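Chain by chain, the residues:
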Amino acid sequence: MDSYQQHFLYPSTLYASNSPSLVTTILGSCVAVCLFDPELKIGGINHYMLPLWNGHGLASPKYGSIANEKLLEKLYHLGSKHENIIAKVFGGGEIIDNTIKQFNIGERNIIIAFEMLQRLNVPVLAKSVGGKFGRRIEYNTATGEVKHRFIERTISL
Amino acid sequence: MDKQISDEELLAELKQRFEENKRALLDLQSLNEELIIVNKKLEDSESLKSHFVSNITNEIINPFTSILGLSKAILSVDKENWKRVFSMIALIHSEAFSLDFQFRNIFVAAKIEAGDIYPEIFTVDIKNLIDSVIESFKYEAKKKHVTINVTHCESVNKDKLFVFKTDPEKFKLIFANLLRNAINFSYESGKIDINLCLVDGSLSLCVKDYGIGISKENHAIIFDRFNRLDSGINSINRGHGLGLSVSKAIIDLLKGRIEIESETGKGASFTLIIPESIEASEGFASDANEAFFNDFDKF
Numbered sequence: 001m002d003s004y005q006q007h008f009l010y011p012s013t014l015y016a017s018n019s020p021s022l023v024t025t026i027l028g029s030c031v032a033v034c035l036f037d038p039e040l041k042i043g044g045i046n047h048y049m050l051p052l053w054n055g056h057g058l059a060s061p062k063y064g065s066i067a068n069e070k071l072l073e074k075l076y077h078l079g080s081k082h083e084n085i086i087a088k089v090f091g092g093g094e095i096i097d098n099t100i101k102q103f104n105i106g107e108r109n110i111i112i113a114f115e116m117l118q119r120l121n122v123p124v125l126a127k128s129v130g131g132k133f134g135r136r137i138e139y140n141t142a143t144g145e146v147k148h149r150f151i152e153r154t155i156s157l
Numbered sequence: 001m002d003k004q005i006s007d008e009e010l011l012a013e014l015k016q017r018f019e020e021n022k023r024a025l026l027d028l029q030s031l032n033e034e035l036i037i038v039n040k041k042l043e044d045s046e047s048l049k050s051h052f053v054s055n056i057t058n059e060i061i062n063p064f065t066s067i068l069g070l071s072k073a074i075l076s077v078d079k080e081n082w083k084r085v086f087s088m089i090a091l092i093h094s095e096a097f098s099l100d101f102q103f104r105n106i107f108v109a110a111k112i113e114a115g116d117i118y119p120e121i122f123t124v125d126i127k128n129l130i131d132s133v134i135e136s137f138k139y140e141a142k143k144k145h146v147t148i149n150v151t152h153c154e155s156v157n158k159d160k161l162f163v164f165k166t167d168p169e170k171f172k173l174i175f176a177n178l179l180r181n182a183i184n185f186s187y188e189s190g191k192i193d194i195n196l197c198l199v200d201g202s203l204s205l206c207v208k209d210y211g212i213g214i215s216k217e218n219h220a221i222i223f224d225r226f227n228r229l230d231s232g233i234n235s236i237n238r239g240h241g242l243g244l245s246v247s248k249a250i251i252d253l254l255k256g257r258i259e260i261e262s263e264t265g266k267g268a269s270f271t272l273i274i275p276e277s278i279e280a281s282e283g284f285a286s287d288a289n290e291a292f293f294n295d296f297d298k299f
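Here the protein sequences line up with chains A and B, keeping their order.
So the first sequence is numbered by the working numbering: it starts at 1 and just counts up by one.
So the second sequence is numbered by the working numbering: it starts at 1 and just counts up by one.
Hints in this document: simulated from the structure, not taken from any laboratory.
These numbers were taken from a predicted model, which means no experiment stands behind them.
By construction, the Cβ of each residue, glycine as well, lies at the ideal position given by its N, Cα and C atoms.
Keep in mind that a hint or two might mislead.
Calculated Cβ distances over 10 Å to all of chain A for the following chain B residues [unchecked claim]:
id	residue
1	Lys41
2	Ser45
3	Ala109
4	Ile194
Derived lysine-lysine pairs resembling PhoX-like cross-links, with alpha carbons at most 25 Å apart [stated by the list, open to error]:
id	chain 1	residue 1	chain 2	residue 2
5	A	Lys41	A	Lys81
6	B	Lys255	B	Lys143
7	A	Lys132	B	Lys298
8	B	Lys111	B	Lys138
9	B	Lys298	A	Lys41
10	A	Lys81	A	Lys132
11	B	Lys208	B	Lys266
12	A	Lys147	B	Lys298
13	B	Lys15	B	Lys3
14	A	Lys132	B	Lys143
15	B	Lys127	B	Lys79
16	B	Lys298	A	Lys127
17	B	Lys172	B	Lys191
18	B	Lys191	B	Lys298
19	B	Lys143	B	Lys191
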């Protein structure tokens with residue numbers, strides 16, 4: 001643990017680095033996909049708020065469809081081969097109670113993560129998704145290890 | 001399944017399943033409709049994007065050409081005619097200023113789309129920052145004879161230093177975009193009112209012009225990228241429609257919001273509301289949170 005770079009990941013952003021980093025983020029209904037390349041020992045993580053870009057505003061990684069593709073591209077940039085990359089998926093809690101199905105943002109965020117990863121042929125090795133709580137995760141980009149904790153207070157991310 | 005069920009039960013079950021199917025179909029239909037709308041939007045966005053590339057000629061090459069031409073003309077001015085140089089320098093400044101501004105928006109938009117943008121929080125002297133932005137637009141406003149008035153609410157003491165924790169660079173860009181639009185869409189010799197308030201710990205900055213205004217149905221789309229309401233080739237308003245979509249994304253990042261009040265012909269008022277950042281000014285302090293992971297799961 002000598003030379004880890006610390007990084008706090010904001011919503012709608014992504015992070016990938018080939019120097020060992022500890023990335024912390026807080027998830028409510030947002031989803032974070034952690035990608036890891038065990039060969040090169042590098043990783044990256046995103047944090048998206050909504051599943052699909054609907055043409056509003058900028059085409060940013062606020063949207064899962066864009067965030068997941070961009071993160072994968074970042075790993076390619078850092079030299080990863082597609083077949084080595086594995087994924088871990090976190091978040092998507094329903095922190096606000098609701099009964100209308102179309103509003104289940106957390107659930108829709110989770111679905112898009114798994115659908116995309118399956119389509120892109122990236123195996124998901126671990127996950128902690130859904131539920132009623134928010135999460136705080138710390139991702140070690142050098143080992144692929146994720147420390148994960150539920151947080152009980154409701155937040156609106 | 002050899003459980004016996006009565007005809008009534010069978011009918012009720014069938015009816016229920018039909019109902020479910022019907023509901024599912026309706027859901028699907030509404031989703032499909034949504035999909036068609038989204039698809040249309042993506043098509044529009046794509047065509048606007050290609051439009052954007054062709055616009056670059058007007059928006060970037062032309063100003064460069066005039067800067068080059070003007071500076072060359074200055075080089076060949078005789079010593080006796082040096083006074084002519086002033087007006088040429090003013091033109092160069094104006095072209096360079098608008099280029100610089102456009103580039104800033106383009107680069108920030110690229111950063112946002114790459115997911116590579118973070119708030120960098122400092123304790124900011126807001127009044128000073130606002131004055132410096134207005135000062136930088138002095139010549140643009142002068143060109144159109146637009147006057148800019150700044151007022152403060154009671155919550156912001158006029159004579160006292162007003163500090164606020166936020167990201168100064170991003171705040172500056174949002175305000176500059178609002179001010180630039182206000183100047184652009186003002187009529188000749190119009191005025192712009194800027195009001196600074198502190199409401200429930202949030203900063204509220206209102207930029208109001210008395211220009212052409214925005215119709216109600218257009219309120220929603222002005223924040224979309226590459227969208228300009230008036231994008232004809234003879235448009236007197238330059239710009240590429242990135243300013244407000246960039247501003248909106250940065251406002252989200254700062255957890256703020258923006259409110260529009262405008263009607264066609266009645267000017268436009270944009271109110272920016274930003275909460276004070278609770279982060280330490282030094283950025284993210286990780287050590288203080290280490291204890292949080294005493295009890296965690298590993299994945």
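Structure-based check of all given hints:
1. Lys41: violated, 3 Å
2. Ser45: violated, 5 Å
3. Ala109: violated, 6 Å
4. Ile194: Label holds. Min Cβ-Cβ 25 Å, cutoff 10 Å.
5. Lys41(A) with Lys81(A): holds, 12 Å
6. Lys255(B) with Lys143(B): Answer violated: Lys255(B) to Lys143(B) is near 35 Å, above 25 Å.
7. Lys132(A) with Lys298(B): holds, 20 Å
8. Lys111(B) with Lys138(B): violated, 28 Å
9. Lys298(B) with Lys41(A): Roughly 18 Å between the alpha carbons, so the hint for Lys298(B) and Lys41(A) holds.
10. Lys81(A) with Lys132(A): This hinted pair is violated, its Cα atoms lying about 36 Å apart.
11. Lys208(B) with Lys266(B): holds, 10 Å
12. Lys147(A) with Lys298(B): holds, 5 Å
13. Lys15(B) with Lys3(B): This hinted pair holds, its Cα atoms lying about 19 Å apart.
14. Lys132(A) with Lys143(B): Distance ~57 Å between Lys132(A) and Lys143(B) Cα, so the pair is violated.
15. Lys127(B) with Lys79(B): It is violated: about 43 Å lies between the C-alpha atoms, which goes past 25 Å.
16. Lys298(B) with Lys127(A): With Cα atoms ~11 Å apart, Lys298(B) and Lys127(A) stay inside 25 Å; holds.
17. Lys172(B) with Lys191(B): holds, 21 Å
18. Lys191(B) with Lys298(B): violated, 60 Å
19. Lys143(B) with Lys191(B): The hint holds at about 13 Å.
This entry does not satisfy hints 1, 2, 3, 6, 8, 10, 14, 15, 18, going by the numbered hints stated previously.
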